[in-house]
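Using the sequences provided together with the hints, build the complete structure.
Same order as they appear, the protein sequences are chains A and B.
So in the working numbering, spot 91 of the first sequence is number 91, and the numbers just go up one at a time.
Each number in the working numbering corresponds to the 1-based position in the second sequence with 179 added.
It is possible that some hints are incorrect.
[Claimed, not checked] Lysine to any residue pairs mimicking SDA-like chemistry, simulated, CA-CA at most 25 Å apart:
(1) 333/B <-> 56/A
(2) 76/A <-> 243/B
(3) 75/A <-> 363/B
Rather than coming from a laboratory, the hints here were simulated on the basis of the structure.
No experiment lies behind these values; they were computed from the predicted model shown.
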Amino acid sequence: MAEVVAPKNSPKNSWGADLFALLKQHDVSFLPFVPDAGHADLIALAHADNDMQPVVLTTEEEGVALACGHWLGGKKSVLLMQSSGVGNTINMLSMLANCRFPFVTLVTMRGEFGEFNSWQVPMGRATPEVLAAMGLSVHTVTQEDQLVKTIDAALYSAYASDQQVAVLLSQQLVGRKEW
Amino acid sequence: MLQRREVVAQINQARGQALMVTGLGSSSYDLHAAGDDDRNFYLWGAMGGAAMTGLGVAMAQPERQVIVLTGDGEMLMGIGGLATIGVQQPDNLCVIVLDNGHYGETGMQASHTQFGVDLPTIARASGLPVSLAVETEAELQQLCKIITTQAADKSGAIFASIKVAAESPERSLPIVDGVEIKNRFRRTLGLVPL
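This is the structure:
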C-alpha cells in the first residue's frame, strides 16, 4: 500500500493503546470498521497486530452481519463506526435481537458537542435513541477516566450474558474536528 | 431453464461438511426443502446480510468451507459486501446467488439483473478469483465440482450466479427462532450456546 499521511486536523488521543490492550484482554479477534478519525489509533494498532484482524467495510451494516458471523464461528469482534454510520445499521441490528447475538460497537460521536458541520447534527442527535430503539444498551463516555472501565463492562456484558451494547465516545472525549 | 429446488438439492449434495448461510425468503425455503441441517444458518430478515454473515463465519472458521446461498435481490441490497470479500480474500467462502430476476417474496417485481446488471462481473471486478455465470445443467455440475475442490484445497473465494426460472415453489419453512438457529449451528462447531 502507498504511504499515507493523516490530515493535520485529525484529533489525537492518548487512550488508543489502553483500549487496544483491553480488546486483546477480552480475546477480541476482529475489528470491522468504517473509518473515523477517533478510531484511527485502534485501526492502526490492529493492522500491526497478528492476532487482531481489521476488516474495512463499505457500509456499517456489513459490520453487524459480519460480527454475527464471527460469533457463529466462535470469535469475538467489536464494530468501530461513527454516529452517522449508526443510521446505516438499523435494520441489520434486528439480527442481534432476533438471535440474541452478543455485540459491542464503539461509536465516535459527531454533531453532539461542538460541531462545525451542521449536516452531522441530525444523525448525531438521533444516535442514542436509534440504538436504544433497536434494543441495545447505550453507554456514553465523556471523560477519559471512564473509557476503559465502560468498554470493559460492555465487553463483559456482551460475552458473559449475550447482551448488545453500544458505547458512544463523546466529542468531549474524542475532541472536536478542527477546520 | 434451471429449477431452483433442483439446483439447491444438487448444491446441498455437493456441500460435504460445509457450513451454510441462506438469505431471507426463497433461498432459506429451498435449502430447508433440500434437507434441514443444524449446519444451516437461515436468515428470516436482515436483508442484505447473508454474504457478510457468511464472510464472518469463514473468517472465524478458516478450516471450514462456508457456502452462502441467497437471491439476486438480497445480494443486490448488500452488494458492497462483494468488495469487502474481495479485500479479505477468504479462500474457504463460496457465495451463490439464485438469480430469478425478481423479488419473489413481494409479488415478483423485476430486479436489476433483468436490466443488464451483471452480478458475476461485479464479483470479478471486486477481486473474487472465481466468478461464474451458471445457466445450464452442465455449468451447474461444473460449479458443484469447483465447490468440492474448494473444500479440499481452499483454492480461493468463489462467486456464482445461477439463472433460475421465476417460479414460486411451495414454501418449506425452517424454524423461525433465531436463538435456536444460532445455538444449534454453534453446537455443530463444539461451541456452547452462550
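- So which hints don't hold here, by number, going up? none
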